[in-house]
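**Student:** Just so you know, the sequences run in chain order X and L. Numbers 1 to 61, taken from our numbering, label the letters of the first sequence in order. Numbers 62 to 863, taken from our numbering, label the letters of the second sequence in order.
Since the hints were made in silico from the structure, they are not lab data. Cβ coordinates follow ideal geometry from the N, Cα and C atoms, glycine included. A portion of the hints provided could be inaccurate.
As the list claims (entries may be wrong) - What follows is a set of in silico ranges between Cβ atoms, one per label pair, in the way DEER data are often shown:
id : chain 1 : residue 1 : chain 2 : residue 2 : range
1  : L       : 330       : X       : 9         : 38 to 48 Å
2  : L       : 259       : X       : 10        : 18 to 28 Å
3  : L       : 234       : X       : 35        : 10 to 20 Å
4  : L       : 85        : X       : 42        : 31 to 41 Å
5  : X       : 42        : L       : 708       : 49 to 59 Å
6  : X       : 9         : L       : 499       : 40 to 50 Å
7  : X       : 20        : L       : 85        : 55 to 65 Å
8  : X       : 35        : L       : 413       : 42 to 52 Å
9  : X       : 2         : L       : 287       : 26 to 36 Å
10 : X       : 20        : L       : 273       : 36 to 46 Å
Unchecked claim - Selected chain X positions facing chain L (Cβ under 10 Å, derived; list incomplete):
id : residue
11 : 1
12 : 5
13 : 6
14 : 10
15 : 11
16 : 18
17 : 19
18 : 27
19 : 29
20 : 31
21 : 33
22 : 36
23 : 39
24 : 40
25 : 43
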Amino acid sequence: MYIIFVLIAVSVLVAAGFLAAFLWAVRSGQYDDDYTPAVRMLFENEFNGVPKTEKPGQKQS
Amino acid sequence: MEAALQTNIQNCYHCGDSCGDEPIVAHEKAFCCDGCKAVYELLEENNLCTYYNLEESPGLTGKKPVSDARFAYLDDPGVEAQLINFRSDKICKLTFYIPQMHCSSCIWLLENLFKLNPGIAETTVNFMRKEVALTYFHEKTSLREVVELLTRIGYEPAITLADTDGKKTTTKSRTIIYKLGIAGFAFGNVMLLAFPDYLDFTQGLQHSFGSFFGYLSILLSIPVFFYSARGFFTSAWEGIKQRMVNIDLPISTGLLALFFVSLFDILTGHGPGYLDSFTGLVFFMLIGKYFQQRTYDTLSFDRDYTSYFPVSITVLKENGEESSTAVRNLQVGDRIRIRNQELIPADAILLHGRAMIDYSFVSGESEPVEKVVGEVIYAGGRQVGESIELEVVKEVSQGYLTQLWNDTVFSKNEEQYLHTYSNIAGKYFIIVTLMVAAGALVYWVPRDMDIAMKAFTSVLIIACPCALSLATPFVHGHTMRVFGRNKFYLKNTGVVERLAKIDTVVFDKTGTLTEPSEAEVTYTGKTLSEPQQQAILSVLRHSTHPLSQRISESIQGSTAPVTGFQEYTGKGLVGEVNGMLVRVGSAAYLGVPADKQKDTLKTTVYVSVDGVVLGYYTFFNVYRNGLSSVLGDLKEKKIAVLSGDNDHEEARLRELLGNEAELNFNQSPVQKLEYIQKLKEQDHRQVLMVGDGLNDAGALKQSDAGIALSNSVTNFSPSCDAILDAESFDKLSLFLKFSKKTMTLILLTFAVSLVYNVVGLTMAVMGLFTPIVSAILMPISTLSVMTFATLSVKYAAKKAGL
Numbered sequence: 001m002y003i004i005f006v007l008i009a010v011s012v013l014v015a016a017g018f019l020a021a022f023l024w025a026v027r028s029g030q031y032d033d034d035y036t037p038a039v040r041m042l043f044e045n046e047f048n049g050v051p052k053t054e055k056p057g058q059k060q061s
Numbered sequence: 062m063e064a065a066l067q068t069n070i071q072n073c074y075h076c077g078d079s080c081g082d083e084p085i086v087a088h089e090k091a092f093c094c095d096g097c098k099a100v101y102e103l104l105e106e107n108n109l110c111t112y113y114n115l116e117e118s119p120g121l122t123g124k125k126p127v128s129d130a131r132f133a134y135l136d137d138p139g140v141e142a143q144l145i146n147f148r149s150d151k152i153c154k155l156t157f158y159i160p161q162m163h164c165s166s167c168i169w170l171l172e173n174l175f176k177l178n179p180g181i182a183e184t185t186v187n188f189m190r191k192e193v194a195l196t197y198f199h200e201k202t203s204l205r206e207v208v209e210l211l212t213r214i215g216y217e218p219a220i221t222l223a224d225t226d227g228k229k230t231t232t233k234s235r236t237i238i239y240k241l242g243i244a245g246f247a248f249g250n251v252m253l254l255a256f257p258d259y260l261d262f263t264q265g266l267q268h269s270f271g272s273f274f275g276y277l278s279i280l281l282s283i284p285v286f287f288y289s290a291r292g293f294f295t296s297a298w299e300g301i302k303q304r305m306v307n308i309d310l311p312i313s314t315g316l317l318a319l320f321f322v323s324l325f326d327i328l329t330g331h332g333p334g335y336l337d338s339f340t341g342l343v344f345f346m347l348i349g350k351y352f353q354q355r356t357y358d359t360l361s362f363d364r365d366y367t368s369y370f371p372v373s374i375t376v377l378k379e380n381g382e383e384s385s386t387a388v389r390n391l392q393v394g395d396r397i398r399i400r401n402q403e404l405i406p407a408d409a410i411l412l413h414g415r416a417m418i419d420y421s422f423v424s425g426e427s428e429p430v431e432k433v434v435g436e437v438i439y440a441g442g443r444q445v446g447e448s449i450e451l452e453v454v455k456e457v458s459q460g461y462l463t464q465l466w467n468d469t470v471f472s473k474n475e476e477q478y479l480h481t482y483s484n485i486a487g488k489y490f491i492i493v494t495l496m497v498a499a500g501a502l503v504y505w506v507p508r509d510m511d512i513a514m515k516a517f518t519s520v521l522i523i524a525c526p527c528a529l530s531l532a533t534p535f536v537h538g539h540t541m542r543v544f545g546r547n548k549f550y551l552k553n554t555g556v557v558e559r560l561a562k563i564d565t566v567v568f569d570k571t572g573t574l575t576e577p578s579e580a581e582v583t584y585t586g587k588t589l590s591e592p593q594q595q596a597i598l599s600v601l602r603h604s605t606h607p608l609s610q611r612i613s614e615s616i617q618g619s620t621a622p623v624t625g626f627q628e629y630t631g632k633g634l635v636g637e638v639n640g641m642l643v644r645v646g647s648a649a650y651l652g653v654p655a656d657k658q659k660d661t662l663k664t665t666v667y668v669s670v671d672g673v674v675l676g677y678y679t680f681f682n683v684y685r686n687g688l689s690s691v692l693g694d695l696k697e698k699k700i701a702v703l704s705g706d707n708d709h710e711e712a713r714l715r716e717l718l719g720n721e722a723e724l725n726f727n728q729s730p731v732q733k734l735e736y737i738q739k740l741k742e743q744d745h746r747q748v749l750m751v752g753d754g755l756n757d758a759g760a761l762k763q764s765d766a767g768i769a770l771s772n773s774v775t776n777f778s779p780s781c782d783a784i785l786d787a788e789s790f791d792k793l794s795l796f797l798k799f800s801k802k803t804m805t806l807i808l809l810t811f812a813v814s815l816v817y818n819v820v821g822l823t824m825a826v827m828g829l830f831t832p833i834v835s836a837i838l839m840p841i842s843t844l845s846v847m848t849f850a851t852l853s854v855k856y857a858a859k860k861a862g863l
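Isolated chain X (complex conformation) (with noise of 0.2 Å):
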């Protein structure tokens, strides 16, 4: 039984990989702007043979 105190650490430290990544995505300003990057997405299909040029949730001084 003593599986579980790896299955438990494993789980955890997934779990905490998890936060990481929301944490992260939450301070490089994903979540400030929850509209223009759906209309800014639709952008680029309908544009055909220029260069993409911006990426959505660039870092804001």
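Dock chain L against the given chain X, drawing on the hints supplied.
**Tutor:** Frame of chain X; chain L shown alone:
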């Protein structure tokens, strides 16, 4: 849409406005003006026509003339440094606020700005905030060029005095999201670890791993206790320091009890503790807080005159040279030049030119005021017409209008509304809880020490009014959303509660009760024949005077060529049409004797043809749609009107408002503020102020709830608690009624959570409080309160027709 209705009139390809009789046709497309055409050509040249494919006629009208010198101040390194957020040796970053942004085409064009100016490296739009974050190479282009480009394509950034006030605190607080993330993470994991406690067949597991699970739970809960839940503790402590009990005090007591009892249980091996409940409650309550915090990013509720005033102004040097100076550095004695549509930033004396000052937004006078040389012009007015020269007599911050902001109301902290429902409830709650806890202690101590401790702590834990504290944010949060859907935007959820208590409604007149852009023009006198009307219209069309334009808008028909047109400043016009000599102007200009003039308070314009005075035009205010129904619904409240205008509309207002209403005319901004103060302090009224202009700012701030009415919510509106879109003005009484209803809903939600608390308390006092009961009761009570609050508001809104 409009195109379908008017088949023969073409709409501008760029901005969608009607092109009138003679559209400008270019590239097989019709434009309403050269401005629009120029923008289209610029975009076409740069292969940016996708702009027109995304939305129909997305552009902004190019009719407004732009003078080149307007942005000269941006070349000033001092101004530039204040606007720029970041500067390296290659690039500059800054953020512009662009209120005109309105559709996805706008986003697209603004993000492709680099194609129009290669010096721009990158632009990122935040549509909700109507902001553009811009990066440019300062070697290749300048701030001025960037702003001029934006202005040319119709997106003039709003650069105001407030922007140079030092760095704005635009960085949105992300703390609540961090807190929420951490609490959620801990909640999920602790719940998993606590799971074996609740089930019989996992008891074995609990025996062998109980302490390991316990310690791990403590480890996970520590960040929740110290970070996520900190807000509740600090708020409770602040309350205690001010000898006030707020809702956070019983919450903190409950959370502390929960945490430390669990800690004690686990460390001494007594049991598994209640850390799952602890983390869960913090998580749910943070959701409530998050809900409460979400407001409208685009709208700014804390603006003062600085966000209305320009950054710089043209100053005339002694040798007649013009130069741009920051408004902040303007000194008494400076000579300034104000062009058409520019704002006068400081109280000044008119030196040169014909001043027609539009004060409608400032003092509530509905018509532009004509000023003659030597008169003092107060700050905040907008010049209409030719450019004028003025001499500054007072510094910007000491002006007639801006002095309003030196009043103490503006320095007072917002935290004067502690007497909210939940805080009052919280007070009784903690008294009752402590009494019950003490009672349980007294009862059990002589009988069983162990149960006594358990009962005491259980009471504190179960009585934690978390459900109670969730009721208010959820009900108010949803109410705010319902209002937002109806174009009534609240600054925060606390406003709902204040709106519910209102018993006095004070209106500003001009711009609030009346439609600012419209005036009813009536003609009194001899009936005009068709050729006469045409002649008058033709003459009026030649004048840029606002009154001429108002009258000409009211006359239908075509125009004829005018010869010998002359305009006499401050008097009137003369011109010959088809052999008729038409004169339009003031009574004195046409030689109407003073005793024959009627309605001297009203603005009147006389007309004569071939020397015979035919009659005169009078201007009436146009009252907003639905005004009478709104006023009818507000019958049981005290109603008052504060107007900066003179009393020529008194009779009409009386008719609308009834005999009990108080009407006050010729009110200065400070008088308005004092009037509200008097109502609040002497009559102990809960006052709602509805206003629209800068002159109402003091009254809006002083009142219990200040609503700023605006035709375009993203435009400037004075500091207030709520912004109401003018379209929804007719729903004002509905909003007030609905906020009252939400208070009943909160009480109902309280009742629901109270039932849980009573059940829980009874069990706790009897010493029956076991982990399994807590595990079931806690989340159920929390969730049911959240659901109840959400659904009840939705239902009520539907019923109320919002």
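**Student:** Look at each hint and say if it fits the structure.
**Tutor:** A quick look at each hint next to the structure:
1. 330(L) with 9(X): 38 to 48 Å: 22 Å, violated
2. 259(L) with 10(X): 18 to 28 Å: Because 23 Å falls inside the window, the suggested range holds.
3. 234(L) with 35(X): 10 to 20 Å: 19 Å, holds
4. 85(L) with 42(X): 31 to 41 Å: 32 Å, holds
5. 42(X) with 708(L): 49 to 59 Å: 56 Å, holds
6. 9(X) with 499(L): 40 to 50 Å: 44 Å, holds
7. 20(X) with 85(L): 55 to 65 Å: 59 Å, holds
8. 35(X) with 413(L): 42 to 52 Å: Given a distance of about 49 Å, which is inside 42 to 52 Å, the answer is holds.
9. 2(X) with 287(L): 26 to 36 Å: Check passed, 32 Å falls within 26 to 36 Å.
10. 20(X) with 273(L): 36 to 46 Å: 24 Å, violated
11. 1: 7 Å, holds
12. 5: 7 Å, holds
13. 6: Violated: closest Cβ of chain L sits about 12 Å from residue 6(X), beyond 10 Å.
14. 10: Since the shortest Cβ distance to chain L is 12 Å, the answer is violated.
15. 11: 8 Å, holds
16. 18: Because about 8 Å separates residue 18(X) from the closest Cβ in chain L, which is inside the 10 Å limit, the hint holds.
17. 19: 4 Å, holds
18. 27: This interface hint holds because 7 Å falls under the 10 Å limit.
19. 29: 9 Å, holds
20. 31: This interface hint holds because 6 Å falls under the 10 Å limit.
21. 33: Interface hint status for residue 33(X): holds (5 Å vs cutoff 10 Å).
22. 36: 4 Å, holds
23. 39: 5 Å, holds
24. 40: Holds, about 7 Å.
25. 43: With Cβ-Cβ at 5 Å, under 10 Å, it holds.
In this structure, the earlier hints numbered 1, 10, 13 and 14 are contradicted, and the remaining ones agree with it.
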